[in-house]
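Based on the provided sequences and hints, a complete structural model is requested.
Residue numbering for the first sequence follows numbering that gives the first Met the number 0, beginning at 0 and increasing consecutively.
Don't take each hint at face value.
[What the hints assert, rightly or not] Per label pair, the in silico range of CB-to-CB distance:
1) Leu256 / Gly67: 23 to 31 Å
2) Asn360 / Trp148: 57 to 65 Å
3) Val69 / Ala301: 47 to 55 Å
4) Lys106 / Val69: 31 to 39 Å
5) Leu83 / Cys41: 25 to 33 Å
6) Asn360 / His303: 19 to 27 Å
These aren't lab readings, by the way, just hints derived from the structure by calculation.
Backbone N, C-alpha and C fix where the C-beta goes; we use that ideal spot for every residue, glycine too.
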Amino acid sequence: MAKNNDQEFVKHIAKRDEDFPQWYTDVILKTDMVDYSDVKGCMVIKPYGYGVWELIQAQMDRRFKDTGHVNAYFPLFIPESLLLKEAEHVEGFAPEVAWVTHGGSEKLTERLAIRPTSETVIGSMYSKWIQSYRDLPMLMNQWCNVVRWEKSTRPFLRTSEFLWQEGHTAHATFDEAQEETMRMLGVYREFAQNVLAIPVVTGRKSEKEKFAGAYATYTMEAMMQDGKALQMGTSHNMADNFAKGYDIQYLSREGKLEYCFTTSWGTSTRMIGGLIMVHGDDRGLVLPPRVAPIQAVILPIAQHKPGVLEKAGELLHMLNDAGIRAKVDDSEQSAGWKFNQWEMKGVPLRIEIGPKDIEQNQVVVVRRDDLKKQFVPMEGLANTIQGMLDDVHRGLFDKALKLRESRTVDATTFEQLREGVQHGFVRAMWCGETACEMEIKEKTGGASTRCMPFEQKQLSDVCVHCGKPAHALTYFAKAY
RNA sequence: CGGGGCGUAGCGCAGCUUGGUAGCGCGUCUGGUUCGGGACCAGAAGGCCGUGUGUUCAAAUCACAUCGCCCCGACCA
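The structure is reproduced here in structure tokens:
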């Protein structure tokens, strides 16, 4: 029997506390989630990574439908003239827009932007589709890819092309738009916590950090294991800014022509990067059960012995019938090799079934999150497994919450702020002024405001940095 | 756009300082023994040394250029 030891195993993956970026890269490549492509800044999402995205899509899409939205698809290309109609929006996105200038060998009379986001195309269509108050609210979502010509990229976290969903809605009043904006942020929050097992801070973005062209941007922010924050989703109230730029008007009940109030909200494949950095450990991925393409892997032990593979097959059907995503690994590798492999791939539960287990009518189940091993009777196995998957989810969420709490401090002096953002979130009072925000970023080595949380408290009356009257309690952090 | 690092077998790397037959580990393939924490033995296949130009009798190795990738900043989901 070869010596098993962690040292030998972890040689293949960098350790989180020694080199977090390298650990991240090792994990996503070695677990077959992604591969680098021939195009700079673009990634190939391989089946194992795409499987996670499909589960995210399915569960998020159901929530959109439940809140009254329908899916549609709008074009990838945006004529330059159309993109230019909302000044602040253009200014924000112009530096990272990719352009199509030729069709075949012929130069286009007007170049086409490859969508960096679709407010403009959708706005122009809404302008045609919305005529009357009866057409409102208009509640649509699209699943698509967008392109932003990024200068530096990292798989999932920032790529030149990425997959996302963008919801776009139009309403009769500002209040309705605001209500929608908050509703969808609430959907995101619930999704992050109940599906991805990631606790998030929700709140409003500063003027500097808000979406280009929005009246207000709301966000959910999560804390990674290296102390950096990740924006996991945003929801924008555009007020009537885009309605005015794109002429989205309706005739009210009173017969008056009014501008609509619009919203947009989006989440992307970046969430996958987030769940890796929140839950992963030195053995590799730790997938939250609800987005794990394989929730339980069945490993037949001494599989050449009569009855073992048959029993494994029975277990597989039993679990599949109960709606559990399971797989039997009957490859020729040794048991030890498979243990390590599936741990690296983050499968939430491992089920071992060998001759001894069959004799005793039981299986061995090992949880990925705490690696604890237990014997489980064959009878009622599907129920037990489902319960354990839920336990793993809760365990991951609690662990992530503890991580965030241990990396969150309150600051009443600038020195505390400066020190605190080196390790995680800092809550501090802030004046709300962009100039002050930029100075803080400069002096702290890159920490920015993440949001002004809905959950406010009064730490003091003055801004932690400039001493002017405090506007709001604000989360600061270095961010991805 | 600045700073750093790296391109040699499918993957990870050594060789370069001091030019002289292309190496190692893992993986792959064949056969056998194994099988409850990365098994072992024997055999085999696999390379335009990123690309180009130069120096030289001779270049993976030296020079110049170029392309690409990774990491860290600035900018952004």
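Hint-by-hint comparison with the structure:
1. Leu256 / Gly67: 23 to 31 Å: holds (26 Å)
2. Asn360 / Trp148: 57 to 65 Å: With a Cβ separation near 60 Å, Asn360 and Trp148 satisfy 57 to 65 Å, so the hint holds.
3. Val69 / Ala301: 47 to 55 Å: At roughly 53 Å between Cβ atoms, Ala301 and Val69 fall inside 47 to 55 Å, so the hint holds.
4. Lys106 / Val69: 31 to 39 Å: holds (38 Å)
5. Leu83 / Cys41: 25 to 33 Å: holds (27 Å)
6. Asn360 / His303: 19 to 27 Å: Since the Cβ atoms of Asn360 and His303 sit about 21 Å apart, the hinted range of 19 to 27 Å holds.
Checked against the numbered hints given earlier, the structure satisfies every one of them.
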